[in-house]
Structure formats: structure tokens, C-alpha cells
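> These are the residues of each chain, in order.
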Amino acid sequence: MSRIITRRKLLRAGAATAGTTLLAGCDRFFESSSMRPLLDFGQLLSLKAHRLLLAGQPLVREYSLDDISPDFPSNGTAMPEGFEYFQLIANNFENWRFKVDGLVRNPLSFSLDEIKQMPSRTQITQHSCDEGWTAIGQWTGVPLAHLLNIAELQPEARYIVFHCLDQMTDSEFYYESIDLFDAFHPQTILAYGMNGGGLPVRHGAPLRLRVERQIGYKNAKYVTRVEAVDRLNMLGSGKGGYWPDRGYQWYAGL
Amino acid sequence: MALSEQTARIATEARTASSRREVIYRHSLAVRLTHWINLLCLTLLLMSGLALFNVHPQLYWGHYGYPGVPTVFSITGRYNPETAQPEGITRIGDYTLDTTGILGVTYDSDGRPRPGAFPQWATAGMDLALARDWHFLMAWMFVINGTIYFLFGLLSGHFWRDLAPRSDQLRPRHIVADIWNHLRLRRPRGEEAKRYNVLQKVAYLAVIFILLPAILASGLTMSPAATSAFPFLFDLFAGRQSARTIHFICANLLLLFVLVHVVQVLLSGAFNLLRSMITGRYVIKPERTS
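Same order as they appear, the protein sequences are chains E and P.
FYI, in this note's numbering the residues of the first sequence are 1 to 254.
FYI, in this note's numbering the residues of the second sequence are 1 to 290.
Just so you know, these hints were derived from the structure itself, not from any lab.
Just so you know, not all the hints are guaranteed correct.
What the hints assert, rightly or not - The calculated label-pair distances, taken between Cβ atoms and stated as ranges, are:
| no. | chain 1 | residue 1 | chain 2 | residue 2 | range |
| --- | --- | --- | --- | --- | --- |
| 1 | P | G190 | E | L53 | 50 to 60 Å |
| 2 | P | W160 | E | N233 | 34 to 44 Å |
| 3 | E | R36 | P | R112 | 28 to 38 Å |
Stated by the list, open to error - Computed list of lysine to any residue pairs in SDA-like fashion (alpha-carbon distance at most 25 Å, straight line):
| no. | chain 1 | residue 1 | chain 2 | residue 2 |
| --- | --- | --- | --- | --- |
| 4 | E | K48 | P | G68 |
| 5 | E | K239 | P | V55 |
| 6 | E | K48 | P | G280 |
| 7 | E | K48 | P | F234 |
| 8 | E | K48 | P | A229 |
| 9 | E | K48 | P | L183 |
As the list claims (entries may be wrong) - Simulated coverage check for chain E against chain P, where a stretch passes if three residues somewhere in it have a Cβ under 8 Å from a Cβ of chain P:
| no. | stretch |
| --- | --- |
| 10 | 48-61 |
| 11 | 124-130 |
| 12 | 134-142 |
Note that beta-carbon positions come from the ideal geometry of N, C-alpha and C, so glycine has one too.
In isolation and in its complexed conformation, chain E is listed as follows (with noise of 0.2 Å):
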């Protein structure tokens, strides 16, 4: 077997195999876990800038009917799986039981009716996702504030944990979490209806997060139980949420 090492072939080789070392070293450098305190540092910074703008609590940009986008897309879960979500769809939620509870004076459990009833808001606003899309979306919902108030907080509560029906792993739900800066906006509601109907399933029904401060993750949909905590490290890896524990920044006000 002849082979013949030309010069170039070397030069060529030589180049490919610089070039990739160098990527892989840069591809390390980024991912770097020595970086990390630095990228957190990033993200604090960033969390403290924006509570400061928004100490006045300001509300977020309304846009009006004939702004709503011909379409919304669904991301993330667009139908949960299992038998138990199949049948709630089924018996149209009317066997589903929303609770609060957690550090709470006094834990509550609703039905889907019992929660229309309560005071609403309707507001037209802009969705973003961290991908890069946008879409505009009439949402009517209960403000957390209200569920927040009639539950009443112990002093303790810190965070606000959304539990979700969408079975994202074989031992994980989906699951968001805010702080009561945001919990208590005016346009921070639990949805259960879209663009003038009810809310689809593809957009989370029965129930799902308005957060509207924040990036499409932290929307969560399927809510079916919101709880109050003092830490977030007791819950699935730590970082109070599916997308966060899987390195997505929690506060994701940009």
C-alpha cells in the first residue's frame, strides 16, 4: 500500500485539525463551569437594572383587536400526554381542581367555574419567545394577585411555583416559578380564555400563566396548582423551573 503524504495534504490536514482545536477550545471556553459565576453575575445584574426601571410597577404595552396576530404559535408542549389529561379534556375540566397552597394561611382548591366567577382581566398583549418570534393575543384571566390575596401569603413566601399537567420527563412536570414582584403585577394573570374563546389546549388549557414582563418560558400553560415557597431549591434541580434547571435563565425579563 503506497501512501503518499504530499506537503499541501499535510498543510491541509494540519489546518483542519488547528481549526477544529481551536473551535473545540472555544466551544470549552464558553461552556466553561469557570465561567459560570461570571454569566450569573450577568444575569443579577440584569435582574437588579430591571426591578429598578420597573419600581413604579408600570404595565406592559396593550395593543388593541385589530393588532392581534392571525396566528400564535405553540411551543413547547401542544397536547399533554397521558390518559388523566385526556380524560379532564374529555369531561371538558369539569373534574379538574385548581389549588393554592404552600405557604399559605389558607390553601384553596377551585373549579374551572368557580374560578370565572372571580374578577378578570382581559388584556392584548405581545408574547415573545427567546427564539426570536413574536405574537400579539388577547388573554382573560384572574390576576395571581386576587388568588394571592383570598389565600394570604405567610411571611415567609418569597416565590410563587407553577405546577403544570404536561409531563415533560418520566419524572418531571413541567413547572415555572416568579417572585411576588412579579406575582403581584396587575397583568400577571391565570388565563382560561384566548383571543374572545376559551383557551385552546395547544395555548395550555385549562389554565395558564400571563407573565407578561417576561419571555415565552416563563409563561407556563397547564397550570394546576400554584404554590408558595421561601426557596426554590427544593424542587426539581434547584433553579425553579423546567427550562432554568436545564441552564435558561430564571429571571428572564429580556
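Model the placement of chain P on the given structure of chain E, informed by the hints.
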């Protein structure tokens, strides 16, 4: 006889005077420091920005935009059933370009096709979560660094002294001459080399006072928290998707500026210029005697 001797002596003196190598202190410490921090920030912002673009390689105009909404720009990779080959398609408005190998579909060192709008080497393979983290961290650094530079430029007189074109530079004849010098790649020497030329000044001013504020403001328009604090940003950019498009255009213009800047440095004595941006000292070449 005596007259020609005198003439010769004057000529020699003139030659030595003009051929004297002069070293000037060109860049202050603040400018040098912020310049190199800028380079680091811009590199990482660009790489992470391209990674973010790759997640949704479509740009729209207006408030909303998602797959199905008409795009103003897109880079897609697809499998062409006719040729049985992957192809990269870049669309700008109604124009379609085949960019296979450059954008949309690229080939790795083993010749395997790799999908993705911008190639792996440009994004360092950052995923969405990582790219967001780096982009925002670097944005903070960029803004803090830029603020320091801006305050320095204002308070030290750097903007006025070094960047504002002098009245003689604004005369049409001078501008035309400067354009002509650029086209011939002719570099200023002597006294003219002690100041920035007028095209250079205009480019720097446009970047500092138009491009950078625009890229910052359009970036903020993509943040629901920031637009909640500053809702006028939506009106300024005609919507969040337009802001994303403008952000992308500004990033490209900034990259274009950097490329031209680097080419200019390479053409105008890279060693001298690099040294001046590191030590501050810059050697002025004598005027040509012929």
C-alpha cells in the same frame, strides 16, 4: 557660486527637518483601554448574536413575526430533492441567493454538510441558553465600557479635540481630496498624519453617536421588561420585530466598520498603529520631499 552654495545648504536643512522622525502621544490610556475591551465585547456579542439569530433565522417587520409571516430577511437550509443535495438559501426581501457552503448549509472539515444559518465557527456552537447568557453579559460590559468612554470623550475634550472635523477639513475641496487619497490608498504624512482624516472622523462619529445608540436601543426593544419601562421604544422602531431586524442590520454595519478599520490599519502601517493603541506612542512619518 555663492548663491548656489546657499541654495544647496537651504535644501539640505529642509530635507533634514522634514525627514525627522517624530513621535507623538496619540491615544490616552482611557481610549486604549476601552478600545481593547470593546474588541473583546464586540467579538463575543457578534458570536453569541449570530448564535441567537440561528435559533430563528428569519427577520420580520412590525410588532409580530413567526413562521408563516412574510420575512424581510431569512437564511434557510433545506434538502433539494432534485439535486439530492442540501442547499443554503438566503432571502433579502424578494431576492433569493444560493449561499450553500457559506450560509444556510456549511461543510465541516470532513466535508459533511452542517445545517444552520451561520456556520459553527462563527457561533462557537453556543446553544440558545448559553448564547443568551453571553450576549447579555457582554452587552452589560459593552454598555459600561461605552459609558466610560463616552464620559471620558466628553469631559476630556477627546470628542471635540480629536473627532470633530476642523473647519478646513469640511471644505468640499478637502473632502474630495481626502476621498481621492483613500481611493489611491495614499496615507497622510507629516502634519496631516497628526490628526484623523475627515472620512475617518465621520466614520467614528457615526459609529459612536448613531450606530451604537441604535444597536443598544433596538436591543432593549426586544426585552419585555425594558419596553414596559420605556414603551416609546416600540414607536421608535415600529415594533419588536422591526427592532430585531434593525439590531441585525446595525450589527452588520458594525462588523463592516470593524473590517474596514482592520483593513485600514493593515494598509497604514499596522505595527505603528497597533503600538500606538497599546503604548499610546505613534511615529509620524516625514513628508515626502519629492
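> Could you run down the list of hints and mark each one as holding or not?
Outcome of the hint check:
1. G190/P to L53/E: 50 to 60 Å: Given range 50 to 60 Å: holds, Cβ gap about 51 Å.
2. W160/P to N233/E: 34 to 44 Å: Because 54 Å falls outside the window, the suggested range is violated.
3. R36/E to R112/P: 28 to 38 Å: 32 Å, holds
4. K48/E to G68/P: Roughly 37 Å separates the two Cα atoms, so the pair is violated.
5. K239/E to V55/P: Holds: K239/E and V55/P sit about 23 Å apart, inside 25 Å.
6. K48/E to G280/P: Violated: K48/E and G280/P sit about 37 Å apart, past 25 Å.
7. K48/E to F234/P: 23 Å, holds
8. K48/E to A229/P: Holds: K48/E and A229/P sit about 14 Å apart, inside 25 Å.
9. K48/E to L183/P: 50 Å, violated
10. 48-61: holds (count 7)
11. 124-130: Since three or more residues must qualify, the claim that chain P covers the stretch 124-130 of chain E holds, with 4 doing so at under 8 Å.
12. 134-142: holds (count 3)
Checked against the numbered hints listed earlier, the structure breaks hints 2, 4, 6, 9; every other hint is satisfied.
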